[in-house]
Each structure stands twice: as structure tokens, then as C-alpha cells.
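A.B. asks: In case you want the letters, here they are:
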Amino acid sequence: MLGMLKAMRQTLKHLPAKKITEQYPEERFELPERSRGLFRVVVDASSGEARCRACTLCETNCPVQVIRVNAESKYKLPVPNQAHIVRERLESQPPIDLRKLEPIVAGYFESGTRMIQILQQTQEQYGYLPRLALQEIAQRTGVSLSEIYGVASFYNQFRLKPVGKYLITVCHGTACHVAGAPLVSAAFSEVLGIDLNETTKDRLFTLQAVNCVGACALAPVVRVGDDETHGRMTPDSARQLVHDLRRREGLE
Amino acid sequence: MSVEVTAREQVIREALRAAFRPEAVVARVDIADEEVRQQAVPAQKEIRICAGTACHASGRVAVREAIKEELAARGLTDTVPIVETGCHGFCEQGPIVVIQPQGIFYPHVKPAQVGKIIEASVVSDGAAEKLLYKDPQTGAPVAHERDIAFYNLQKRLVLAQNGKIDPYSIDDYLARKGYGSLAKVLIDNDPEAVVDLVEESGLRGRGGAGFPTGTKWRLTRNAPGDFKYVICNADEGDPGAFMDRSVLEGNPHAVVEGMIIAAFAIGASEGYVYVRAEYPFAVQRLTRALEQARERGILGDNILGSGFSFDIRISQGAGAFVCGEETALMASIEGRRGMPRTRPPYPAIEGLWGKPTNINNVETYANVPWIIAHGADAYAAMGTGTAKGTKIFSLTGKVRNGGLVEVPMGATLRHVIFDIGGGMLPGREFKAVQLGGPSGGCLPAEALDTPIDYETLTASGAIVGSGGMVVVDDTTCMVDLARYFLQFSQDESCGKCVPCRLGTKRMLEVLERICAGEGREGDIELLEELANYVAEGTLCALGGTAPNPVLTTLRYFRAEYEAHIFDKRCPAGSCKALITYYIDAEACTGCTLCAKKCPTQAISGERKQPHVIDTSACIKCDTCRQVCNFDAVKVFSGRDATPPTQAKEA
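If you read the sequences in order, they're chains E and X. With numbering that gives the first Met the number 0, you'll find the first sequence wraps up at 251, consecutive numbering, no jumps. With numbering that gives the first Met the number 0, you'll find the second sequence wraps up at 649, consecutive numbering, no jumps.
Check the hints yourself; a few may be wrong.
[Claimed, not checked] The following label-pair restraints were derived from C-beta to C-beta distances: (1) E:His13 - X:Glu508: 17 to 25 angstroms; (2) X:Glu508 - E:Phe38: 56 to 64 angstroms; (3) X:Gln43 - E:Gln239: 44 to 52 angstroms; (4) X:Glu508 - E:Lys160: 26 to 34 angstroms.
[Claimed, not checked] Pulled from the structure, derived: some chain X residues nowhere near chain E, Cβ distances all over 10 angstroms: (5) Glu198; (6) Thr457; (7) Cys496.
[To be verified] Sample of chain E residues at the chain X side, in silico, Cβ under 10 angstroms: (8) Gly2; (9) Lys18; (10) Phe28; (11) Gln64; (12) Met114; (13) Ala137; (14) Gln138; (15) Gln156.
These are calculated hints, taken from the structure and not from any lab test. All values derive from a computational prediction rather than experimental measurement. Glycine residues also receive a C-beta, built at the ideal position from the N, C-alpha and C atoms.
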């Protein structure tokens, strides 16, 4: 409670102050001619250490590849006050059977990193990418966890959260969009009470959108799991489909 | 040229003959080669079921099982083979069944109709007239595949074998002179001549940019380095494009053959096919094709006894549009985030794992065997001055005959959409055609006579791209379509370049507020300005072309933007914030259907009396309009005005 009040005080203090962010593109900031800006690593005044944690994100992102990170990753040694946060986060993870990972990692380690295949098979095994599994992979392959997380969060296929029993995929390809896919996913959201990329509380349905399943002639297309495809959907048939699936579960 | 058969030729010809097992051929009835025909067990009839993704989705498995049962019941299981072919291309009509050798085409086949079809076309030679395809203009039934306008107006070169052969059978491919081009190339043993031939043919990359394939091969061939790669780009991320998938699903060996020829010409020793994980059938069939080719000595060490070795691996993508860009694709094969990098160095010099790499699209490779077999001149004879050969388009949207269309370069959009595609759905008006996906643009009716080639389309603001062609009608809002594509580009931006990552976000915000009816004066100019920054300030084609949908819609449909901004009106009646649903009291018969279906009970009214929509409860889900059999539910656009009938009620 006290913390909250303190925070509120901060907020109130800043409320009447003038906004310091530029609302680009409506507002423009006058830069000196030929200015290219300047980059440097911020040094923490209290400890005298660089704040950079050598996560290599800037290296991956630099469009002209002028950044090279030479430092050892500091992720192995978390700063003291964060240690328990990390531990807590780990303990809150559901336990998984790490033995299943063994053949996956072993099979790919020799032929280069092939991280995407490792992650694909891990997801096949667990249904999503559990944090514990990612850590295990990091340890075994020697690729840093931040890099693995970078790969896992980059590709649409990978899920970092468990999914429901029925994965409802609404195609949002152009042909489906033109044929009314937004109305179909809105109908799903409404009847399931969840937004895209969410799972219902009973862990039965997960709703997601993909860019194109390539069955454009049947637009709008909805897939349930991997095998069931429904073509020429309407908001009405979307609601019907959810009822059918619930009935299949004996819920209605 | 010597008439004498060299020792090398003998070895290769013998190896190719040994690889072929005539008894294992599945699709037999239309083999042109008399010699092969006699070796393969002849069949009187053959049933071909399309096993492409669209037909699968519309229920081909049930149809196949019904056919099997029916044949078993009639004792025909051993004499009438069932061939599960790749995509026939006429996806709108799935599931498709074709009875050979007459070539009788049955669309929309349901398991219950199988008995009639077998009775009419397999047991006797006729056709079940009621189940045949009906010509959309005349309504007359058309029995033969070759007589359907959708097919006979096309020029099928890459797709020629699709729908004919079993993609799981290498013997089907070999029986139709498959791998003959490879043998020819290996016998001549002159890689330089292959590059020359491809260069002369004028083949250009079919993935989108249209870079001359021969030039690319030469660059890679001349690049220093003793280990080179060949990559096939099958990361078909464009929403609305599925030609690469269909080629891989229907005729995977053509792509494999093209890749081996490319590897031989370039001097590469390893190949990758980077294919989307969203295409499970394509992955399955390609995996099988590679296994078979390896078993028969067509792939791997010492191909066909020629001394040339080359192997191909499959690398599955994980769903990122940007991985269709070549440098991002290579990063993804290497197991990293798929982010493009600066070029030069081009992949031809420094590619996969730093080695010279040649990357081409699926369709490009599939063209290669044909060019080798028929010569560069025959290929260059098709098309226009700058664009040769044929191109496959996936025609979708509000058009009658959706599916895959292969036409010579230089055909007009009108020819593709109206002659082959059969025009718009009944009662709909052509508004625009979207070409090239999120990197392309929308062209209006005035541009329908534009010939399809790289330069002309680029000048008009659209691109050939990978070949997605989405036809939209008067119910599609162009502002919303631009918003959709920008949303796509924004989602798929890898985040490396600031103009793309933030620029598209800002543009999207402007478009969203226009669609929500909050557009302000100056928004159009702001969009144009930002579009230029994004196009100029990004590394790869994804960012560089991301503003294209906005720029073309602004160029051709500016009035629609203005209607949104100044009149707060959506002319197409599609932007939710700007429309109101109402029931036309004249047309409503009071059937209560809409009231029953309404998820929020916003519709009320007595039976047989005109119904009324309570606009405060309406969530604009469009259900009532779709279920109404009398077109009584109407959409009124203009946020600050009240619709005609509703006003009366109030």
C-alpha cells in the first residue's frame, strides 16, 4: 500500500509537467545539420561498472554491422538484488521432463547450431517452448540463453506459453481478409471471451491468427489443430464451430 | 558434334535407365513415350484425385475412401488405379476428380456422388452430366478438362505435370522424360554452356525482384572458393500466393532436377531447400522425393555415374515473412534470427556460412529442366522483350475461378482475370487487383490492360512479385486494405532498421485513425512523406517496398481516403467505426432469421413484420447481413448521419 502511494506521488508530480518526448511525426525536433548522433556505453555511477550486459542485441540489430561485442556475457552472474527474482521466476515454471530433450539436442549439435530445428522439435515435444527447456538447450549447445530467446521470439511459429487443447487458427491472408476474416476472428474472440494469442481459462481454446495457410480458394479459412480445416467461414459458423467443439468435449 | 556415343554418355544413359522402374509407375495412361508406355503395365482407366492443400481442406480424403470402397465393391481395385496427384490449380472447384484417359473433370465431388461418377465414366465411357463443371457464362456442362476455359487459355509449362503424376513416385516423373535434362547436361559436361543457355533463355528470378538467373549463376560460378551452395527459396510468405507450394506438392522432382542442374553449372556441392513449416504436404513430398532420388543414384555421390556429387537438405522455416529475403534466409538456415544484412557482399560472393551461394525461387528452378530440354530459343520465344517465358499467378479474391494460372509474360491483367478467371462473382463490380502481396500495389480498372512484365508493372506502382493476385470488389475498402498490408509489414518487420520498424508503425497509426473516422487534414501528406522515408532508409526489400500498398492506393483511390477523412464515410461500407446496419422495411419479410442469429439480441420485431436493429447494441459483426435471404439488411455509411429507415423508427 505504502509503495503504491509513493508511486502515485511520483505520478502526480509528473502529471502537470511538460511532456519531454517528441510526438513524432506530428512534432519535429530540430537537429543540427549533419548530426549523426553519438553512441557510448553507459557507466553506472554507483558501481562504476558498465551497464551493458553483453546481450549482443545491438550487434544483431545494427544495420551496417559496425558493432562487435567482445565481452563475456554477464547473464551467468546476475546482479545480487535480481538473483531472487530470477529464482522465483524459475520456480514458478511448471516442471517438465528434460529427458525428452536429450535426443533433440544430441541429434543436431554436430551439424552446426541448427537452432531452429532444435526449437521446432522441442516445441513438438512439449507443445510450447518452456523456459527450463531453453535453459537446458543453452547449457548443452553453448549458445547463450539471450540468443536462443532472440531466435524463439523472432519466429511466429514458436510459442513461449502453453496452448489450449484446441488451437484455433484464423487465416488472415489477403484473400481471407478481403472475404471477411476480421469479422470471423472477432466472432471467435467474442464467443470465447479472449483476444488473439490468448488461451481460455479452462485451457481448452487458444485463438491465433496466421498470415496465410495457402488455401485461398476457400477463404476465409479456419484451422483447428493441425488437421481440421474449415473453409468459407462466417461469423455465424465461427460461433457454431465453438459450440460443436464444446459439445465434443461434453461441455454442452 | 560426333555421332559416336562416348563412354561417358553410355554410362549416364545406362544409369538413368537403371534408375527407372517401369512397373512402379502409378499414373500410366498418358505417357507419351511409346517405349516407356510398353514397359509400364497399361491401364484402361485411371482415377486422379487432386491432393493439393485446398482440395484436402475441402474433403478429398473422404472422397478417396469412397472411391476405394466403390471400386472394391465393383471388383475394380486391381484394374483401375487411383492416382493422388498434386494441385490441379483450379482450387475453387475442389475436391477435383479427373477420370483418364477421357479426361473427364468432376468438380466439388462429394463422397455420395462417387457411385454415379464411377458408373458413368469408369464402367462405361460417358459422363455423369449433372456433376460436370458448368461454364460460368453459358451454364452448359463441360466434360473435358481441356475444354474448360480456365485451363485451355493457359500456357502451362512449369505446371504441365501437376495434376498428372503422383508426386510420391519418382517413376512417374522418369516415365515422362524426367531427369532427361539433367542427363543431357551431365553428358555434355560443359557447365559454362549451361550458364550460357540459361542466360540466353532470358529467364529471370520468379521470386519477385526479377534478377536475370543466368547472370546470378555466372556470378556464383566465377566467385572464388571451392565450396559453394545452392539454395532454393520456398519461403512463400506472401499472403495470397501459393504457386511455390503447389509446384513442390505436385511435382517436387522438377525442382530437384533444376537444383542439381544449377549446382552442376555453378560447381556447388551442397544444397538447401528452405521451405515454410506451414506447408506440411510440401515438406513431406519433397522429403520423399529427395530420398527416392538418392536411392536411385540421381542425388548424392557420383550422380548417374558422372563423377559429379551434390546433395540437398531441407531446412524448415519457422514463420517469418522477412526470411524470404535472401540474406535473412541464410541467417535463418544458420540458426539465427532472420535479419537481412547489407549487400554487397552479395550471396554470390559471400553467402551461407561465408561461401558463394546461389539462391533462386522454386518456380525459377522448375523452369530450368524445360529450358534445357527445349532450348533457350523456344523459351525466349514466349513473353515480351524484357520478360521471357511464363509466370504462375495465384488468382484469388472475389473472382469466379480462383486458382493457379500460368500465362506467358506480357499477357494483360484483363486476360488473366476476366478470360481465364471468369470475371467477378455474380452481382459484383471489379474495383481493383492487388499484385505482389505486401510489397506490391493495387491497380484500378483503368489499368486492366497493362501487360504483365516486370518493368511495366513496376512503373504502374505494383510489382510482379511472387505472383499473388487478389481481386477485390466494391465491398472492399481500399484504405482498410492498405491498413491491412501495413499491419502485415509492421508485424513482420524484423526491427533492424529504424525507418521500417518505427516508420511503418507510425504510418499504421495514421491509417488506423483514418479507418476509425478520426482522420485529420494533412494525414494524406503525412503518409506520403513517411512512405518516402521508409522506402529510402531500409536495407531490404521488405522495408523498401512496405509503403507500396499505401502509395498505390493513394495514387489510384485518393478519393476514398478523402471520404474517410473529410466526410467520415467509408464508401465501401466496411470500416466498422463509420458504418451503421439497418433493415430495409420494404424488403424485410419478417422471417426472424436475423433476430435468431444475432449474438447480442440487437434485432427485434414481430414475425411477418419488418424488424429493427437497435444500433446501440449492435456490434457490427455482419451476421445478419450474411444470413438474410432477401438482402434486407443494409449498410449505411457516414458516422454522423442517421440511416434512412432507422430514422423513421426513431
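A.B. asks: Please go over all the hints and tell whether each is borne out by the structure.
C.D. replies: Hint-by-hint comparison with the structure:
1. E:His13 - X:Glu508: 17 to 25 angstroms: Check passed, 24 angstroms falls within 17 to 25 angstroms.
2. X:Glu508 - E:Phe38: 56 to 64 angstroms: violated, 28 angstroms
3. X:Gln43 - E:Gln239: 44 to 52 angstroms: holds, 45 angstroms
4. X:Glu508 - E:Lys160: 26 to 34 angstroms: Holds - the Cβ-Cβ distance for Glu508 (chain X) and Lys160 (chain E), about 28 angstroms, lies within 26 to 34 angstroms.
5. Glu198: holds, 32 angstroms
6. Thr457: Holds: least Cβ distance 20 angstroms, greater than 10 angstroms.
7. Cys496: Non-interface label fails for Cys496 (chain X): nearest chain E Cβ at 5 angstroms, not farther than 10 angstroms.
8. Gly2: This interface hint is violated because 33 angstroms lies over the 10 angstroms limit.
9. Lys18: Nearest chain X Cβ about 17 angstroms off; hint violated.
10. Phe28: With a minimum Cβ separation of about 14 angstroms from chain X (threshold 10 angstroms), the hint on Phe28 (chain E) is violated.
11. Gln64: holds, 6 angstroms
12. Met114: Hint holds; Met114 (chain E) Cβ to chain X Cβ min 4 angstroms, cut 10 angstroms.
13. Ala137: violated, 13 angstroms
14. Gln138: violated, 17 angstroms
15. Gln156: Interface hint status for Gln156 (chain E): holds (4 angstroms vs cutoff 10 angstroms).
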